[in-house]
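Chains as they are written, first to last, in my numbering: chain A, -13 to 359; chain B, 87 to 336; chain C, -13 to 299; chain D, 54 to 340.
I should point out that these hints are in silico values taken from the structure, not numbers from a laboratory.
There's no promise every hint is true.
[As the list claims (entries may be wrong)] Listed below are the simulated DSBU-like cross-link pairs for lysine-lysine, each with C-alpha atoms no more than 35 Å apart in a straight line:
{"id": "1", "chain 1": "A", "residue 1": "K305", "chain 2": "A", "residue 2": "K349"}
{"id": "2", "chain 1": "B", "residue 1": "K328", "chain 2": "B", "residue 2": "K138"}
{"id": "3", "chain 1": "C", "residue 1": "K10", "chain 2": "B", "residue 2": "K205"}
{"id": "4", "chain 1": "A", "residue 1": "K98", "chain 2": "A", "residue 2": "K141"}
{"id": "5", "chain 1": "A", "residue 1": "K96", "chain 2": "C", "residue 2": "K10"}
{"id": "6", "chain 1": "A", "residue 1": "K349", "chain 2": "A", "residue 2": "K47"}
{"id": "7", "chain 1": "C", "residue 1": "K130", "chain 2": "A", "residue 2": "K72"}
{"id": "8", "chain 1": "C", "residue 1": "K91", "chain 2": "B", "residue 2": "K162"}
{"id": "9", "chain 1": "D", "residue 1": "K143", "chain 2": "C", "residue 2": "K(-11)"}
{"id": "10", "chain 1": "A", "residue 1": "K47", "chain 2": "A", "residue 2": "K300"}
{"id": "11", "chain 1": "C", "residue 1": "K190", "chain 2": "B", "residue 2": "K162"}
{"id": "12", "chain 1": "B", "residue 1": "K253", "chain 2": "C", "residue 2": "K290"}
This structure is a prediction, so every number in the text was calculated from the model and none was measured.
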Amino acid sequence: MKKLLGVVFMIILAVPLYAEVRLGALFAVTGPASFLGLPEKQTLEMLVEEVNKTGGIAGEKVKLFLYDTKGLDTEARKKFIRLVKKDKVDAVIGPTRSGSTLAIKELAEKYKTPLFSCAASKRIVQPLNKYVFKSPQSDTHAVGKIYNFLHKKGKSKVAIITAQNGFGDSGRTELLELADEYGMEIVADEKFRDTDKDMTSQLTKISETNPDAIICWGVGPAPALVAKNTRQLGLDSMLIMSHGVASKKFIELAGNAAEGIILPAGRLLVAEQLEKDNKFREVLINYKNAYEKRYDSSVSTFGGHAYDAFMMFKYGIEKGGKKPAAMISAVENMGAFIGTAGKFNITASDHNGLDESAFVMLKIHNGDWELIN
Amino acid sequence: MLQIKNTGINFGGVKALDNVNFDVPYGRITALIGPNGAGKTTLFNIITGFLKSNTGEIFFENENITNVQPYYIFAKGISRTFQNLNLIPELSLKENLLLGIIGKDNPSAVKSILRLNSKYWQRMEKKIDYFMEITGISEWRDRKTDEVPYGILKYLEIARAIINEPKILLLDEPAAGLNNVEKEKLMELLKFLVNKNMTIFMVEHDMNFVSNLADNVICLNYGKVIANGSYRDIRNNEEVIKAYLGDSDA
Amino acid sequence: MRKINYPFLILVLIILISTKFLIKNEYYLSIVIFGMFNAINASCFNILLGYTGIISLGQAAFYGIGAYFAVIVAASFGINPMLAIVLASLFSALVAFIIGYPTLKLHGHYLAMATLGFGMIIYVLMNEMAFITGGPSGFLDISKFSFFGVSIYGEHSFYIFVAIVFFLFTVLFEMFDKSYLSYKLKFIKESEFASKSFGINIFKTKLLVFSITAGITAFNGGIYAYYSGFISPVSFNFNYSIELLTMAIVGGLGTVPGGIIGAAVLTALPEFMASIEDYEMILYGCFLAVTIIFLPGGLTGLIKRILNKNASD
Amino acid sequence: MQFIYSGITSGSIFALVALGFNIIYNTTGIINFAQGEFVMIGGMLIYTLLSIYGLPFLIAAPLALLAALFIGALFERVFIKSVRSPNEIKLITITIAASIILRGLGMVIWGRNSLSVDAYIPYKVLELPAGTLTSNSLLVIIVSLVTAFSLSLFFKRSSLGKAFRACYDDKIAAGICGVDVSKIRMLAFAIAALLGVIAGIVTTPISYVTYTDGIMTGLKGFAAAILGGLGSFWGGVAGGLLLGIFEGFFASVLPSGYKDAFAFLIILAVLFLRPKGLFGKKKAERL
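Construct the entire structure; sequences and hints are all you get.
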């Protein structure tokens, strides 16, 4: 009897000894942004599983707490507090949307919990918050890449058509702000809603201004409609999309209308087309193959954001441990690392660490991505 | 007291009321009879301001009240009841009775919420008690309307219509749905009210009820007054007999 | 003039106080805070629909107007947040008055459409007037909240503040429920025709109720903005108005506890189901459906029946 | 001018949804907030039958329509008929609950991505005066109009259709005269679902289908029905087309961000001037 009690006692004692890394995650798994949130969720679940199979991080298993934000700010806020206060996580990956991230930016500092956001807005890291990192490229870089490309082609009359959501709004702001710097003239500034089913009215207005290029900034099915309607109206301007459509799904939806569309995107989509000795190739192909094998659906750059965020987190735990300050300083001193979005160089003053080189320009050709050199 | 002059109304080309003329004399009971669809309730609705007449004028105490707003007509001292009762099931009888008075007194909402006008409410309680007494529904005072017999609700509705002490009471089929005992009681109540100098104008189907009460009967058919006189005159009027027989043929 | 239901108010007070002392975890506190915001909004919705018979699918817009107006005014003119919230509340009441003037002449589904359209227009304005609202990306520049010099920050102090506001509103709603005004509204709801013929100025009364509830909702919205520290249009779209509708119905229309119980249950429910993920939406819908199908008086009706049964046993 | 073409295309879909609203409104007096979900389900069904089971369109479409009738009838039996002591507001809320359930099912069954099917007829751009229309858009317009006309014939000529109208005029009287009001109700939901599924089938090749689509589609259809006047058959059609044209018009003359606000502003203005919609009839109130 005494022996048994002893064993029980040992087990009770042992539980806290058997420590684990507690990782929180917030993704918009349902709601209008769910097609972004789902690959992020799947990627993270896959990575956590892999890491645990190989002994965890720094010898501790990772326990994942994942909640759905439904794409809502209030939900993100509630669930973040839940992660911090109820589940007592060491760090949080996500949320999917910029708005949701901004809604909890201050809370991350208040609760001293590192946050690795998967949303793009540069307002997430500017002004800098010590506890908040982000893994996707900023819109500034995408816009710069596009304007550079147009500049080189000698085009300057640009019409923009942007989505009425956080992503489109952030892109629009950058497009307008950077236009002067690159000598671009914005001749039309139109908008559409994610739920719109027809964009020909806006595009007719655009066609009257006769632009060299039309830049469409949005995510989801709506940009595919923009592409279709552009073809329908027979506009011969160059059609440029944002990195928001960088998934195979977009080509499927837009069908023939996708042909010839140009967009900036991470290298993930063209991993196979990279040269053999390209430093990104191995990382990208490994992730891509693992994801596509596991979930039987084609990889998207959004899932890649979760991948990169997890890599930051993993490094932070490995080198800094679970103490927030130490974890953050470890990530800040991570040095250059190759992620799916590009080459990160996170520092104490730059919590994103990507620049324009994270993007490559792609062209859609024969239903597939093609690298433009 | 109440004068209907040349009143007419059309509903999509159909003349629901056509050149109606009659007076409702002071301090009497006047009944408006006629087959279904004759336009009786329509006339009530015109008098109380819910429908706008196309022609004619209505005078109340020599004031032209044609097509004015319902609340103004109410303020002038014209009160009415309805075919379906329009009582509130979740409130008690007492509270339903209160509804008859607040439109007239318009007690301050803020004071009422903050419970500052208790003197007023004490007076109202007394008033409610009195009118429940005369309509004979005191014992049901705090019951909800779905817990009491239909006849009681009819009395309650009349109590609600007279609690604001109107000059003239318009009753839309007061005897409908009542049993004989209840009808007797109602007749007594109405006689009592007339003795108290109230004028009553009612729409009623029950001829027995009308014959016992009405000093004056007006018969309406297809929107026209076809007879006007005492019950005895009306009963022998050929057109009235034809109208009712025609009705029963259908 | 019925008697005020003191046991109910005392029960609410006890729950609020014991929550403060029993719940230390900020997560649970934050859920309770959200529950109280929802409860005030749902109660306002309940006064409109359950008492007066006005179906307003634009309540989220008033909530949003309150939130945006308060933070924008405070940020632009540097005035005290509390004053800004009061101003927001007045502004929202004014907007409701202007909108209500033509709208409240409509009835039933037409009224629903008009208020819904108003909500959509406000939503578009929140998105498009980016120069003052920050557009779809949201409004970040929200100052710290203080109440007569007492700084209120974090879940614990906000809990106390919101709980006080919530309790005061609950007392107000209860006093309203027992006043003649609530009878008058119910009379209007039961029959506009009859209430008109008893001299009630329906339009004026409706307009007054619509404006006051809009003011309360906006007041609540202002506090919400300071509590959350970030607002963006998605929090104030059509879906939120629909949520308020379901809260009021599940709780029980035309009763004071209705809005509160409905809000409490429907705020807490998704938290319990958070780990079910994909099936959450279906379960939530089923819960709603079952409540509506089997509980005619909502949850309040159910509780009343149980209490009455016990009392008669 | 382009806005007229695109307006008529999207407007004819709004019209179909508005007809669904009207049919249910006329027999039950309620607004079915799940009407938009029927459209979503239509798109999903045709996607499943065409792209997953690989059936030819001529088999898939009738199958989807049959399924629609079944879903609509089932919907009425499960959600509407079972409500205890029903009143208008409760019935409306139960349709909201149902729409949440349908949306949830849509997500679980068909996933979160937008789905698309190949066009049913060859893609062609028709050059029209000052604008263009695709062959697929034309198909949408034709199918919607044909559906509306055949439905109006059904209501006018067939005895079942007459029973529908009797129900609208007076439920109690219709019941006395031997019309099975409960059956008519179920049929009304079946027809409404059918209309939704037709709309879903014709739009999916053009504008895809996503599980969240129902909310906006339903809202626009509701707006169209109100604009035309609730319960008015051709009012719903006119309301739909007008709403579509308004939207296109505002998108093409104003900063397009404000187009929805203006579309709703127009609806508000119409309601203020004509409280029963453009073609709504005032039903005599019983006092």
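We went through each hint and held it up to the structure:
no.	hint	in the structure
1	K305(A) with K349(A)	violated (40 Å)
2	K328(B) with K138(B)	holds (30 Å)
3	K10(C) with K205(B)	violated (48 Å)
4	K98(A) with K141(A)	violated (48 Å)
5	K96(A) with K10(C)	holds (17 Å)
6	K349(A) with K47(A)	violated (42 Å)
7	K130(C) with K72(A)	holds (26 Å)
8	K91(C) with K162(B)	holds (25 Å)
9	K143(D) with K(-11)(C)	holds (30 Å)
10	K47(A) with K300(A)	holds (12 Å)
11	K190(C) with K162(B)	holds (20 Å)
12	K253(B) with K290(C)	violated (43 Å)
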